[in-house]
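**Q** Single-letter residue listing:
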Amino acid sequence: MKIAVQHLARIEGHAHLVVDTAAGELLECRLEIVESPRFFEPLLQGRHYSDVAPIIARICGVCSNSHTLVSLAASEAALGVRISTQTRRLRKLLAFGEILQSHLLQLYFMAVPDYLGVPSIFPLIQRQRELVSRALRLKKLANDICWAVGGRPVHPVTPCLGGFSALPAAAALQDLRRQLVAALPDLEQTVELFAGFEIPAFERPTEYLCLSGEPGYPVFGEAIISSDGICVRVDEYLEVIEEYCVPHSTAKFARASRDSYMVGPLARFRNAGKSLSPMARKVASALGLAANTSNPYLGLIARLVEVVHCAEESIHLIDDILLDGLRSEPLPTPNKGGYGVAAIEAPRGTLFHAYRYDANGCILNADCIIPTAQNLANIEADLRQLVPTRMHLEQDALTRELETLVRAYDPCISCSTHLLKVDFV
Amino acid sequence: MKRRIGFFDFTGCEGCQLTVLNLEDTLLDLLDLVEIVEFREVMSGSGGELDIAFVEGSICRPDEVERLQAIRARSKTLVALGACADTAGVNALSHFRDLQQLQRDVYGDHPTPAGRPRPLSAVVQVDCRVPGCPIDGQEFLSVLKALLMGKPPELPAYAVCVECKLAELPCTFDQGIVCLGPVTRAGCGAICLLGGDRCRGCRGMIDNPRAQPYDRILVEHGLSEADILREFRTFNMSGEKGQ
Numbered sequence: 015m016k017i018a019v020q021h022l023a024r025i026e027g028h029a030h031l032v033v034d035t036a037a038g039e040l041l042e043c044r045l046e047i048v049e050s051p052r053f054f055e056p057l058l059q060g061r062h063y064s065d066v067a068p069i070i071a072r073i074c075g076v077c078s079n080s081h082t083l084v085s086l087a088a089s090e091a092a093l094g095v096r097i098s099t100q101t102r103r104l105r106k107l108l109a110f111g112e113i114l115q116s117h118l119l120q121l122y123f124m125a126v127p128d129y130l131g132v133p134s135i136f137p138l139i140q141r142q143r144e145l146v147s148r149a150l151r152l153k154k155l156a157n158d159i160c161w162a163v164g165g166r167p168v169h170p171v172t173p174c175l176g177g178f179s180a181l182p183a184a185a186a187l188q189d190l191r192r193q194l195v196a197a198l199p200d201l202e203q204t205v206e207l208f209a210g211f212e213i214p215a216f217e218r219p220t221e222y223l224c225l226s227g228e229p230g231y232p233v234f235g236e237a238i239i240s241s242d243g244i245c246v247r248v249d250e251y252l253e254v255i256e257e258y259c260v261p262h263s264t265a266k267f268a269r270a271s272r273d274s275y276m277v278g279p280l281a282r283f284r285n286a287g288k289s290l291s292p293m294a295r296k297v298a299s300a301l302g303l304a305a306n307t308s309n310p311y312l313g314l315i316a317r318l319v320e321v322v323h324c325a326e327e328s329i330h331l332i333d334d335i336l337l338d339g340l341r342s343e344p345l346p347t348p349n350k351g352g353y354g355v356a357a358i359e360a361p362r363g364t365l366f367h368a369y370r371y372d373a374n375g376c377i378l379n380a381d382c383i384i385p386t387a388q389n390l391a392n393i394e395a396d397l398r399q400l401v402p403t404r405m406h407l408e409q410d411a412l413t414r415e416l417e418t419l420v421r422a423y424d425p426c427i428s429c430s431t432h433l434l435k436v437d438f439v
Numbered sequence: 027m028k029r030r031i032g033f034f035d036f037t038g039c040e041g042c043q044l045t046v047l048n049l050e051d052t053l054l055d056l057l058d059l060v061e062i063v064e065f066r067e068v069m070s071g072s073g074g075e076l077d078i079a080f081v082e083g084s085i086c087r088p089d090e091v092e093r094l095q096a097i098r099a100r101s102k103t104l105v106a107l108g109a110c111a112d113t114a115g116v117n118a119l120s121h122f123r124d125l126q127q128l129q130r131d132v133y134g135d136h137p138t139p140a141g142r143p144r145p146l147s148a149v150v151q152v153d154c155r156v157p158g159c160p161i162d163g164q165e166f167l168s169v170l171k172a173l174l175m176g177k178p179p180e181l182p183a184y185a186v187c188v189e190c191k192l193a194e195l196p197c198t199f200d201q202g203i204v205c206l207g208p209v210t211r212a213g214c215g216a217i218c219l220l221g222g223d224r225c226r227g228c229r230g231m232i233d234n235p236r237a238q239p240y241d242r243i244l245v246e247h248g249l250s251e252a253d254i255l256r257e258f259r260t261f262n263m264s265g266e267k268g269q
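Chains as they are written, first to last, in this note's numbering: chain U, 15 to 439; chain W, 27 to 269.
You may find that some hints are simply not true.
As the list claims (entries may be wrong) - With a straight-line cut-off of 30 Å between C-alpha atoms, the simulated BS3-like cross-links for lysine-lysine are:
1) W:Lys102 with W:Lys177
2) W:Lys191 with W:Lys171
3) W:Lys28 with U:Lys154
4) U:Lys288 with U:Lys154
5) U:Lys154 with W:Lys171
6) U:Lys16 with U:Lys154
Unchecked claim - Cβ-to-Cβ under 10 Å is the rule here; a few derived chain U residues that face chain W:
7) His28
8) Leu58
9) Gly75
10) Val146
11) Gly165
12) Pro170
13) Ser241
Quick caveat, the hints were computed from the structure, so don't treat them as lab data. In this text the structure is predicted, and so the values were computed from the model without any measurement. Even glycine gets a Cβ: it sits at the ideal position worked out from N, Cα and C.
Using the sequences provided together with the hints, build the complete structure.
**A** See the structure below:
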């Protein structure tokens, strides 16, 4: 039996899924990444720090805020710029807004169709209009957070080196807080919807990697930790993560302690589930998400748990910001070079940016490691173990189950093909 | 009978399609008017003849050329969606670099097929366009509305500078910062200036940019040709060396 899905649907970017079996044996199993490479890292060479984040954000429309925030943090580390508590809080709120928007898009637009047996969410407009309206209401709230803080949901405008070029109005934040509280019933309904889905049974323990070092569930962090015992500073990332090329992919693969590892919602949940918000912990236990689960399909449920966490935490964060009052702060104009690394928990996992600047504040070289590139080897390893256990299925059913597994990782192919290691000559 | 529309993506970030999906308030009404028959990012399956194809991304490789030609062949109207499709956008940053060197830098001894990113119009006939990086959601709706009513969509012929003045925002030149607002096509509501940034020119130039007054503004503020060229080399590279 040969399965070849060209341009896999309901994922970000272009990938083919190829599986070949004969007489009950798995001959071939690849996730081919066919997106054209865009060479973002070398193209940054020579660019001034004020251009770097706006250019690098264009790697990915879905996670442009994460790229912007981690890019600014790496530039700040390199150029010796410190940021205020207000900036740190607003950036975290923007990160929550993006995680919400990205997760809700994946849950409702990309995953729900798999579990309800429809090709997309659009046919549900007639049959289950309330479900579609709820998806749109929640997604709009996530985007409203990004509008208020970042100035635009896709490719934000206001975040800049050292802070923000424009601050949200206090009234806008108050309005977001009201909307977040009013959205809780919608979140409850969402949890009920997903509680009814039958998640395929499959276990494959792997290494789970995420950031650590700040109190609470990870967003920003000074340290990299993993379930295999990795615990290093973020600027030592090259010592624990090895990227390598495979012939069938324009994205590089990555490994840490073993042949593959996982980043993203399930990895964060495994390593830091105890620091989730109270409501998110309740949802996790209601949905039967065990602290030691090794079923990659449950990445979907971990994503939903994170939605609840981000919504609840955003309310508290807005309270903290409003309590202290918003004040405009002077922006720095650094006049030296240097090397800096930063990492962020983007919607799909740990995202690293590292820059070296010359004395004029222009990029000498850049390196980025993308969540999906880190997950690719793990997805293939899952597929290789899964296929032999599903040989009894018809081709269509098997294809669906394999696609559902790939989607559980919410791969972001645009990102993963654009950013690889570079040594300038 | 509802008009059949499709969304397609090539080399880009899918941020323009995402901007369409971000039209939460309008999406349900929109779907009463049109049938989305193809949208790989959020749909399985593909759908035959199309009234309107919205195409995002640049064209880099021979297989992309073929795929785009096939979309053109089954679409009555083809719209370039966003800067990468319209002008090659940030993808054109690689036009000034040695492609083979870039490939070696990134992939080492594992060469991967890549070509110069080109706008859609280098490969097929493009009937109209929605500029910007990313597109403006409201402008997308007005282009779609015009097409559904059988009218040619119109983009503003004036510059972002006009929208910035109407919003009574301070001029960045007064802070010694080069802004491409005087020569960039309006339609975004000067969103970047509203956010405290400058115009980086993502929507491409107006049809008749007036170089002399612009030059005078630069000189008055002690800025050089190099300052402005650097600014153009983010979103407007294809104008210099594109196909």
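**Q** All hints, please: hold or fail.
**A** Hints, one by one, checked against the model:
| no. | hint | result |
| --- | --- | --- |
| 1 | W:Lys102 with W:Lys177 | holds, 14 Å |
| 2 | W:Lys191 with W:Lys171 | holds, 28 Å |
| 3 | W:Lys28 with U:Lys154 | holds, 26 Å |
| 4 | U:Lys288 with U:Lys154 | holds, 29 Å |
| 5 | U:Lys154 with W:Lys171 | holds, 22 Å |
| 6 | U:Lys16 with U:Lys154 | violated, 41 Å |
| 7 | His28 | holds, 8 Å |
| 8 | Leu58 | holds, 9 Å |
| 9 | Gly75 | holds, 2 Å |
| 10 | Val146 | holds, 7 Å |
| 11 | Gly165 | holds, 3 Å |
| 12 | Pro170 | holds, 8 Å |
| 13 | Ser241 | violated, 30 Å |
Going through the hint list in order, the structure does not satisfy hints 6, 13.
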